[in-house]
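Spelled out, the chains give:
There are 6 protein chains.
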Amino acid sequence: METVNILIEALPYIKKFHKKKIMIKYGGHAMIDSEAMSSTARDTVLLKYVGMKPMVVHGGGPEISRSMNKLGKEPKFIGGLRITDQETMDIVKMVLVGKINTDIVSQVCLHGGKGVGISGKDNHLIKARKRAPQIIVDNTTGEEKTIDLGLVGEIENVNPEIVEMLTSNEYIPIISPIGVDDSSNTLNLNADTVAGDIAAEVDAEKLIILTDVPGILEDPKDPETLIKKVNIDEIKELIDKGIVTDGMIPKVETCINAIDNGVKSTHIIDGRIKHSVLLEIFTKKGIGTMITR
Amino acid sequence: METVNILIEALPYIKKFHKKKIMIKYGGHAMIDSEAMSSTARDTVLLKYVGMKPMVVHGGGPEISRSMNKLGKEPKFIGGLRITDQETMDIVKMVLVGKINTDIVSQVCLHGGKGVGISGKDNHLIKARKRAPQIIVDNTTGEEKTIDLGLVGEIENVNPEIVEMLTSNEYIPIISPIGVDDSSNTLNLNADTVAGDIAAEVDAEKLIILTDVPGILEDPKDPETLIKKVNIDEIKELIDKGIVTDGMIPKVETCINAIDNGVKSTHIIDGRIKHSVLLEIFTKKGIGTMITR
Amino acid sequence: METVNILIEALPYIKKFHKKKIMIKYGGHAMIDSEAMSSTARDTVLLKYVGMKPMVVHGGGPEISRSMNKLGKEPKFIGGLRITDQETMDIVKMVLVGKINTDIVSQVCLHGGKGVGISGKDNHLIKARKRAPQIIVDNTTGEEKTIDLGLVGEIENVNPEIVEMLTSNEYIPIISPIGVDDSSNTLNLNADTVAGDIAAEVDAEKLIILTDVPGILEDPKDPETLIKKVNIDEIKELIDKGIVTDGMIPKVETCINAIDNGVKSTHIIDGRIKHSVLLEIFTKKGIGTMITR
Amino acid sequence: METVNILIEALPYIKKFHKKKIMIKYGGHAMIDSEAMSSTARDTVLLKYVGMKPMVVHGGGPEISRSMNKLGKEPKFIGGLRITDQETMDIVKMVLVGKINTDIVSQVCLHGGKGVGISGKDNHLIKARKRAPQIIVDNTTGEEKTIDLGLVGEIENVNPEIVEMLTSNEYIPIISPIGVDDSSNTLNLNADTVAGDIAAEVDAEKLIILTDVPGILEDPKDPETLIKKVNIDEIKELIDKGIVTDGMIPKVETCINAIDNGVKSTHIIDGRIKHSVLLEIFTKKGIGTMITR
Amino acid sequence: METVNILIEALPYIKKFHKKKIMIKYGGHAMIDSEAMSSTARDTVLLKYVGMKPMVVHGGGPEISRSMNKLGKEPKFIGGLRITDQETMDIVKMVLVGKINTDIVSQVCLHGGKGVGISGKDNHLIKARKRAPQIIVDNTTGEEKTIDLGLVGEIENVNPEIVEMLTSNEYIPIISPIGVDDSSNTLNLNADTVAGDIAAEVDAEKLIILTDVPGILEDPKDPETLIKKVNIDEIKELIDKGIVTDGMIPKVETCINAIDNGVKSTHIIDGRIKHSVLLEIFTKKGIGTMITR
Amino acid sequence: METVNILIEALPYIKKFHKKKIMIKYGGHAMIDSEAMSSTARDTVLLKYVGMKPMVVHGGGPEISRSMNKLGKEPKFIGGLRITDQETMDIVKMVLVGKINTDIVSQVCLHGGKGVGISGKDNHLIKARKRAPQIIVDNTTGEEKTIDLGLVGEIENVNPEIVEMLTSNEYIPIISPIGVDDSSNTLNLNADTVAGDIAAEVDAEKLIILTDVPGILEDPKDPETLIKKVNIDEIKELIDKGIVTDGMIPKVETCINAIDNGVKSTHIIDGRIKHSVLLEIFTKKGIGTMITR
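Residue numbers (full-length UniProt numbering), protein chains in the order written: chain B, 1 to 293; chain F, 1 to 293; chain X, 1 to 293; chain E, 1 to 293; chain R, 1 to 293; chain L, 1 to 293.
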């Protein structure tokens, strides 16, 4: 009986998001092991079957570093960005496209979804350019050093044709966050940004970012201070006030940017909680932070 | 959390019946008052939103008799069939098409479904012919009497074009059980039969008949003896053995006939239980009797 | 031979209105008995077969009053509007949707048209709101009385999706003039207005209103003074001068409104004359009054 | 009023042939001057506007001979077939395609039809082969002479793609009766046969051949002996009995062949009578001879 | 090996003009005999097979004059325009539509193209009006004489529907340069202008005019002075300076006009050189003069 | 000029294979370095632009072994089959899908093709089952040993939906030869077999296998003994006679199987020769061995 009552309760949400595109950024615990991955994938497939059009972009940082270590190559970062020489880029591609992406596709197909793995290179989905070198100030000497990040890119434009073809034919695209520049070089991209930019380009209804925190907290140490809903102006203020900090800032900026480009709502939620995507979509109070216009 | 677990549990059923046509025969308590109707309609709309193609045929006997009484006209039956003169037929049409059908459409639309009311007359959906007169034997004298039933029909053929157009354009057709003969007379039809014949003609996956009993019972007085699942051969035996009796026989024959013509499964369920349609579709054990090939 | 000459004479009109939508308001003598109805319906079907897209809205006042009388309920009107309590509304629906509409569908299908009966409730074709109460001044005392009209509505907006689907699939929609408000109440609507508003919303070429007068007469008592053609400015003047009066005013206003919203021409014609619709469309001089921009 | 009564009388025929393909072979008086052509073309366009799909094949023998005479070239015939050397073939093409076809297109377009002139060469609509040489017996000497007919062809197969594209896009194809052989030579073809073979290949409902006689007459001298309707078996008997003779035999054989290949009915009618096509289609008794299965 | 290297070299051009419409004006030596025609047609078909959408407009002046002479009628010209009485117009149609057009269709189909011959009359592709009479000044007396050109037209507008239907269904339209006026008269048109106006109306990428000169020459006597590429402003200057003269001026004006109306590039090339169309399209330096914005 | 002559010579092949699917198995030298890959990819794109529908399956054995070595893992083979434990499978996936596939996609897109990388896992394109363990006989002792190959599969069935969607939308699918079993395990597959089975399932015209030998040689040491064309019966005889041996046998069996399942012709060609694919398709004599029915 419960089963049915709950379906009835979910109906308004099912109706509201009927045929809408939902971009989900997989990351952190939501893909930490095959069980977590299976659960996340099943939730994604469920969205498809109740009438939405889910799309996935995945990250993969820790796995890349692990693979590099295995190959005796030390991962290096500047300001959170991985310094990516050609050999590193090969490892990035192999891990993202060859391992993580195919694993997600496995899980999505296993649960009955028509999963298809693509990357930003397919049909030039994501055109990117190399990022400018980072300038680092030596704390001791005050000297500036310019460090080339190598094959790290920023998005120039998204050509959503292939994503549109897939979603309109009932497929669930699983997208690896790499791009291609004018000389056909592969560039390493930030997965959150990729999710946000594609979401905007395909007129997605929602961008949902799975993280390993409860959402945006007034006091980062107290999960009770979770902000459930916030609009763009308020969130900018929270950044100014220093309440949104560190690693959360780029995620929030991705959200702001997505909303500015037409995405209706963006969500930063806790991927450690099982079925967090469904809880966020199908319950009135949600479980993370929703940012809207 | 429960909400979501239950959605996950429903997923296999949602997948299994994705894009399948589900014919629901409304009758009895499921439409006894506006609250019951609202609930039944909402369940129907939910099926649509999770990807199925529901269709509705409704009955209306008690309401017709009530209206006849108001107009000072006495309802008469022979062998369960309403003797239908032209004046009665006018009342039948007015009640079925003008009242009950529009009420269901109201409820379906209110819950977000694209309900459209039609009858067997629209684009000659149901061609019928007059039933042969009934022969009655006087118990006392043993004399036979031939009684003309008037405008009572039996189905000749179903032209499903309009139903197909509606379901393939995301509408939910609500169908009144009247038909039209070669001379354009309107004929009164049995609603169960109409539901079954249309279900077969449009290749429906399921025919679900809402009744005021728990299903088929081994012992009609003991609801504990409910038969959950039975195949055609077994059910025929149950008829032969006299376990299926009276008013249940035509319903069961409708089911047998529907299955013989391609419907995958038929269900006789208890419309007095809230959300019985959903319980039957979305739970493993169901709540009524399922008849299959 | 004649047959053919006349077809040839009709050709320019057939060409001119090829694939155009023609909204016909059935009313008065044109639907007074089954013979008249049959003739009107056949004319409508002919328009379909020579390449136009006819649509029908029907009235039904007298029949409603007759049914009310049968049920011992006295019809009451204020300023031409029927005071409609819930019980009256039920009768209105039963008569319009259950009786008159199905009768027209019968005739249209009998003559080979793909007739489908719908009402303003189907897929919320017509959203309406309750009309404001009428204020009546007592002639004797000069006192004002406010009278609630009950379930009498005015149109808020038309959602023409279902009408478009039907006409583009070669069906002839037959529409009952009731609407639905935000709370899913059924409201009684003026049939002329319904015809005009739907005609405008679907970009009809023509709105033809069947009445029981020859058209607009300079002198209401002299049919010889029929005005054959008049534009909007002229007709407004005729209203100002008091030449258009009484029951004709709302019809003329419907026409003006339809033209303002894009209908190319509107026609008030005499439904008592056989084949008046065809005579108006297929002959140079027509038989009624044509109002154009 | 008459206008309208006659439209109503035509309705059953309009319905019966709705969306059906009608092949009309233009010949003789029906295209003798621009007035006759105009009338024939207008009738053809009318068929289009009342919902049929007319197609035209035209002849042109007399005009070809006239042009040859102008150019000082004597027309020669063997057994009714024009001996066609290359120079004659050029004249045939110029007259059929360049003059007669464009004149018909003019008239069809003038009356509002979307006329398009094509020939059997376009997209290899008609593949043909050279006819075998004719063997002539000298009546005096009894000697046999073999005469090569030159570029006279018989149809090998019809590739109806272009005709189907035109009719399904609302165009009226006007077809010149020439074909092309494997070496890309143009061959002169019998127009009746072309009409019949294309009619069969596109599943036409009717083949109508315009001639300069009333139809098939029991007594060729007495128009009163016109045979209105005859089936294939009967017509074969009439040939055997010598009632169908001479120039009528190939036309009748074309009809028999068309019916054997699926055309529903074929008509040999009098093109000298104005609107003969319409009279044959829209009146119960027709004006010529109808041959059916 | 060469074969393949050259295909590889052609690839950039094949890509650049993929699915683009290419209008080719056939004239002069390119259609002087059947061998030349065959070669020109094969080139055209090749464009189709490597993914472009070629269209052809053909001229035919010399052939028309030859036919007139054969018929004992003297061709007369005023300012390069053929004085065209009704009899001449008949010859024009017969030669253009009946002979030249069908010959081109033959060759195109022989090489595997889906050639279809049409003229400006089909479905009123080209609406034209009679040109104003020419005013001639007698050199001796200085008197002005007004000379009616007869059925010589100038284009009013192009209705490209039929050309669009043909090209989008993989056909190659072959178009004869005649038009039709409001009274359905056939008018003789300049073929270059027809090619240019249709090219503009269908958004062609290129207009290629085949002539009997190398292109635009700085010094008409020295083929070494060929101008390979020129823009609109420069070409206007060349006209002003008197470098573009005589017969070349209308061709250049056609090009300017086509570019002003959206054609991307126009080409005046030497039809005497075999495969000139391909050389112009598939080689970097081309062989004639390209005029661009 | 040459350019153009050669295009003209290629025309018959372009026509013959218009819109046909061409499956190319990339392997060996054709993908040995980025220059070779670029050339192979450009040839593939050229096929697309001249109207065919190319598809690619790639191998990757040497690269996989190199990666294993880098990771300190020794590649092991039994009867030519790589023993594949889970760790090896991860490397296989990373190299095939993450590196080789993305590199091919890069090159195809760089040359203007709409390349999309997929694997046999996407939408369950290739369902496979684990191969039976291999039985090895110890040459010395004569003992049999059963060796489990691990995650090595054989194809059960191909679900070509995604390949069909891609080719019909102008994409070039690049396919990695891995499959998925019922438990969602990834299995390592033979790339030739994958190419052959998909070719058959999508009704490909041709299967072209790029190898590092000239084709099938009568005398493996003498390239002069190349067999240009052979049919299925003859090739079977060649196997029986021991002329086709070793590594060539599975390739030939793939070809035989593909032809038995509807592929029109199969080609074993020398990928060391530049543009070998084009030479095989666009020249009369080809460069490798063609096997046909």
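If you're looking for bench data, these hints aren't it; they were derived computationally from the structure.
Any given hint could be a false lead.
As the list claims (entries may be wrong) - Listed next, the in silico DSSO-like pairs over lysine-lysine satisfying Cα-Cα at most 27 angstroms (straight line):
#	chain 1	residue 1	chain 2	residue 2
1	R	K99	E	K127
2	E	K70	R	K19
3	B	K20	B	K127
4	E	K114	R	K284
5	X	K145	X	K130
6	L	K241	R	K274
7	E	K127	L	K19
8	L	K20	R	K19
9	X	K130	F	K76
10	R	K274	E	K73
11	R	K76	E	K73
12	L	K99	B	K114
13	B	K236	B	K284
14	L	K73	R	K20
15	L	K16	R	K19
16	X	K274	E	K20
17	R	K16	E	K73
18	R	K284	L	K99
19	R	K127	E	K99
20	F	K19	B	K20
21	F	K15	F	K264
22	B	K15	F	K15
23	R	K114	L	K99
24	L	K15	R	K20
25	R	K114	E	K127
26	R	K274	L	K15
27	L	K19	R	K15
28	L	K20	R	K16
29	X	K20	X	K221
30	E	K114	X	K16
31	E	K20	F	K127
32	E	K274	X	K16
33	L	K73	R	K114
34	X	K284	X	K274
35	L	K73	B	K70
36	F	K264	B	K114
Claimed, not checked - Across the chosen pairs, the derived CB separations fall in these ranges:
#	chain 1	residue 1	chain 2	residue 2	range
37	R	I32	E	S34	53 to 61 angstroms
38	E	K284	R	E164	38 to 46 angstroms
39	E	S168	R	D182	23 to 31 angstroms
40	X	D212	F	P133	50 to 58 angstroms
A virtual CB, placed ideally from N, CA and C, is assigned to each residue, including glycine.
Check: What are the numbers of the hints that this structure violates, sorted from low to high?
Finding: 2, 4, 6, 9, 10, 14, 16, 17, 18, 23, 29, 33, 37 and 40
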